[in-house]
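Listed below, chain by chain, are the residues.
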Amino acid sequence: MLEVRDLEVAFGPVAPLSGVSFSLEKGETLGIVGESGSGKSLTAMSVMGLLPLSGGRITAGSIMFDGQDLTNLPEPAYRKLRGGRLGLITQNPMTSLDPLQKIGPQVDAVARLHLGMNASEARARTVEILGTLRIPEPGTICNRYPHQMSGGMKQRIVIAMALAADPDVLVADEPTTALDVTVQAQIIRLLDDLVKERDLSLVLITHDMSVVAQTCDKVVVMYAGRAIEHGPVEAIFDAPQHPYTQALIGCIPKGLSDDEHLTGIPGTVPNVLNYPKGCPFHPRCTQAKEICATDVPAFVQHGNGQAACHFPGAPQ
Amino acid sequence: MSSMTGIAARWMAGYRGTPVSRAFGSWLGKIAGGFLVLLVLTAIFAPWITPFDYAAQDLTNGNAPPGWPHLLGTDQFGRDVLSRVIYGARTSLSVSATAIAISITAGMTLGAAAGYFGGFFERAVMTVVDLTWSFPDILIALIFVAIIGPGLTSTTFAIAIAYLAQFTRLTRAQIVRLKRETFIEATINLGAKPHHILLKHLLPNAIAPVIVVGMLAIGDGIVLEATLGFFGLGAQPPTPSWGAMMSSGTAQLFLSPWVIIFPGVVVAVTVIAVNLFGDELIRALDIRDRIRGS
Chain A
1 MLEVRDLEVA
11 FGPVAPLSGV
21 SFSLEKGETL
31 GIVGESGSGK
41 SLTAMSVMGL
51 LPLSGGRITA
61 GSIMFDGQDL
71 TNLPEPAYRK
81 LRGGRLGLIT
91 QNPMTSLDPL
101 QKIGPQVDAV
111 ARLHLGMNAS
121 EARARTVEIL
131 GTLRIPEPGT
141 ICNRYPHQMS
151 GGMKQRIVIA
161 MALAADPDVL
171 VADEPTTALD
181 VTVQAQIIRL
191 LDDLVKERDL
201 SLVLITHDMS
211 VVAQTCDKVV
221 VMYAGRAIEH
231 GPVEAIFDAP
241 QHPYTQALIG
251 CIPKGLSDDE
261 HLTGIPGTVP
271 NVLNYPKGCP
281 FHPRCTQAKE
291 ICATDVPAFV
301 QHGNGQAACH
311 FPGAPQ
Chain B
1 MSSMTGIAAR
11 WMAGYRGTPV
21 SRAFGSWLGK
31 IAGGFLVLLV
41 LTAIFAPWIT
51 PFDYAAQDLT
61 NGNAPPGWPH
71 LLGTDQFGRD
81 VLSRVIYGAR
91 TSLSVSATAI
101 AISITAGMTL
111 GAAAGYFGGF
121 FERAVMTVVD
131 LTWSFPDILI
141 ALIFVAIIGP
151 GLTSTTFAIA
161 IAYLAQFTRL
171 TRAQIVRLKR
181 ETFIEATINL
191 GAKPHHILLK
201 HLLPNAIAPV
211 IVVGMLAIGD
221 GIVLEATLGF
231 FGLGAQPPTP
241 SWGAMMSSGT
251 AQLFLSPWVI
261 IFPGVVVAVT
271 VIAVNLFGDE
281 LIRALDIRDR
291 IRGS
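Keeping their order, the protein sequence lines are chains A and B. First residue of the first sequence? That's 1 in UniProt numbering, and the numbers climb one at a time after it. First residue of the second sequence? That's 1 in UniProt numbering, and the numbers climb one at a time after it.
It is possible that some hints are incorrect.
To be verified - Lysine-lysine pairs mimicking DSS-like chemistry, simulated, CA-CA at most 30 Å apart:
1) A:Lys80 with B:Lys193
2) A:Lys102 with B:Lys193
3) B:Lys179 with A:Lys102
4) A:Lys289 with A:Lys277
5) B:Lys200 with A:Lys80
6) B:Lys200 with B:Lys179
7) A:Lys26 with B:Lys193
8) A:Lys196 with A:Lys26
9) A:Lys80 with A:Lys254
Stated by the list, open to error - For each label pair, taking beta carbons as the anchor points, the in silico distance ranges come out as:
10) B:Phe117 with A:Ala298: 57 to 63 Å
11) A:Ser41 with B:Ile31: 35 to 41 Å
12) A:Ser54 with B:Val128: 46 to 52 Å
13) B:Ala101 with A:Thr268: 40 to 46 Å
Just so you know, these hints were derived from the structure itself, not from any lab. Cβ atoms here follow ideal geometry from the backbone N, Cα and C, with glycine treated the same way.
Please model the complete structure; the sequences and the hints are all you need to start from.
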């Protein structure tokens, strides 16, 4: 369905993304995880063809969607895909809706544009979708303004807009970061159900490893604009090969005992302007040897997964 | 939820109803707004409420002081000052409102296009528009008078051009700011076409400050219309205009001061009322920072 291969993105002379590959079949959920600044959202923007908006461009690699390469797709054709066969759920539901328009017309517009429906057909569809998203009284909600709704509700509206034209692939860019914890779980469960019911392909971008463990079939772990480990979710969680993946999994709170302390990864993600030579993670890696500072590691096969590390599987 | 507390706080502060009803909420808004409503009604119903024909001369009763039956006196031709002031309101308000309407329409179109498309087009539009701003208003009026002769058409176009830059810049600033908002990005993500984004999402969100600045500009337009009338570039006799009345009154300033005082007072009070009500409207719409930012 969707296959990204060796994607490289540049903003002028800066290349914040390189060598990102993943593939996604129908009905599958792919998790892209990593800390802030690791290139997750940039990957989503590349898939949606939104890089030109912020002055970026794809310099290498390909994005194949249903046998079509999106990297050189002209804008009018891309516009048809966006919101049509490719849906995007944005990070911030609070500001993703037009404050001056009622909910109904905003959601209707998608079906009218992409499915060529008239006003009453589109409204019927809107009410139906809002219903499947477990929004109470969908007919009344259509006459509300965004400011009259809670964050969780707004996120459901944003999801409804992404679903309105029956997309094949849904990209959810940190769909729960702006919501509080109880609502987060509901939204994630909702997305999970939608994938199953509608046989959607979902790209779930998150920094929450526990969400990935619950919902995804495959994982790509990103660090400093590179994919450093990818594979089926069981393989990655059972035997993480890259020290960074190990550390990320180590950060999930178990919540069992009183004397458990929250763990973190010391240091921060390097700035785009000075990515380290060699393995990008080596300055923060407990296993780093000399070679890590000089050579970029190649992917090493391990089971069904691959990790880009000189010493894969080394215990932390 | 920060947005909820914001709404709650506004509710507590009396943010209820439409912006116009909120602007009428304070006593200042009531007085200024009430005066303007009265003025507009007077202008509309002028033929029925004026005691005399505004153009009827009575040379035997020239320069009569205020009294009965000429409540505000007569000018040197014996014309009733009150009737002329009332008809003057028609001229002033309609010229100013028409001019500002033209100015807003053209300014919003140019500003929205410049802000949305950017690049060379934006620079070209803004340079030309800023150029019109660098001309004194009177000079613009003189250019139009030279082309189409003195009269209300010249005055209207002169006022429209004089305020074009203001609306273009204001709209452009709003569009440039809104273009970066998440909901516009979200709309792009849903595959919306540029004209849909511009007409359905950008312009409606940009219109509030334009309405208020337009309101204030009508006040300025009234002053400009009076100024041009005073110099004889605006309304031509016998069309009554506040500026032209004051101009003809200067000759008899000490003999019959009421001829110049009453239209002058009406201009001043009208402009003050427009500005006070405009301020109330800004407060009611809660957009002070957006107007200052332009």
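Handout entry: Range agreement (Cβ of B:Val128 with Cβ of A:Ser54, hint 46 to 52 Å)
Key = violated, 29 Å
Can the restraint linking B:Lys179 and A:Lys102 be considered satisfied, given a maximum Cα separation of 30 Å?
-> holds, 20 Å
Verify the CB-CB distance for B:Phe117 and A:Ala298 against the hinted window 57 to 63 Å. Once the Cβ atoms are compared, 46 Å apart, the range 57 to 63 Å for A:Ala298 and B:Phe117 is violated.
Taking 30 Å as the top limit, are the C-alpha atoms of A:Lys80 and B:Lys193 close enough?
Holds, at roughly 9 Å.
Exercise. Does the alpha-carbon distance linking A:Lys26 and B:Lys193 stay inside the 30 Å limit?
Worked result: holds, 28 Å
For this session: Could you grab the alpha-carbon distance between A:Lys289 and A:Lys277 and see if it respects the 30 Å cut-off?
Result: holds, 13 Å
Agreement of A:Lys102 and B:Lys193 with the hint, judged by alpha carbon distance not exceeding 30 Å: With a Cα-Cα distance of about 20 Å, the restraint between A:Lys102 and B:Lys193 holds, given a limit of 30 Å.
Given the hinted pair B:Lys200 and B:Lys179, is their Cα-Cα distance within 30 Å? Distance of about 13 Å is within 30 Å: holds.
Hinted pair, alpha-carbon criterion (30 Å max): A:Lys80, A:Lys254. Please report holds or violated. violated, 44 Å
Quiz item: Do A:Ser41 and B:Ile31 keep their Cβ atoms within the hinted range of 35 to 41 Å?
Solution: Violated: the Cβ-Cβ distance is about 54 Å, outside 35 to 41 Å.
Please check whether B:Ala101 and A:Thr268 have a Cβ separation lying inside 40 to 46 Å. violated, 56 Å
| field | Pairwise hint evaluation, A:Lys26 against A:Lys196, where the allowed Cα distance is 30 Å at most | value | Answer holds: A:Lys196 to A:Lys26 is near 10 Å, not above 30 Å.
Comparing the model with each numbered hint stated earlier shows that hints 9, 10, 11, 12 and 13 do not hold.
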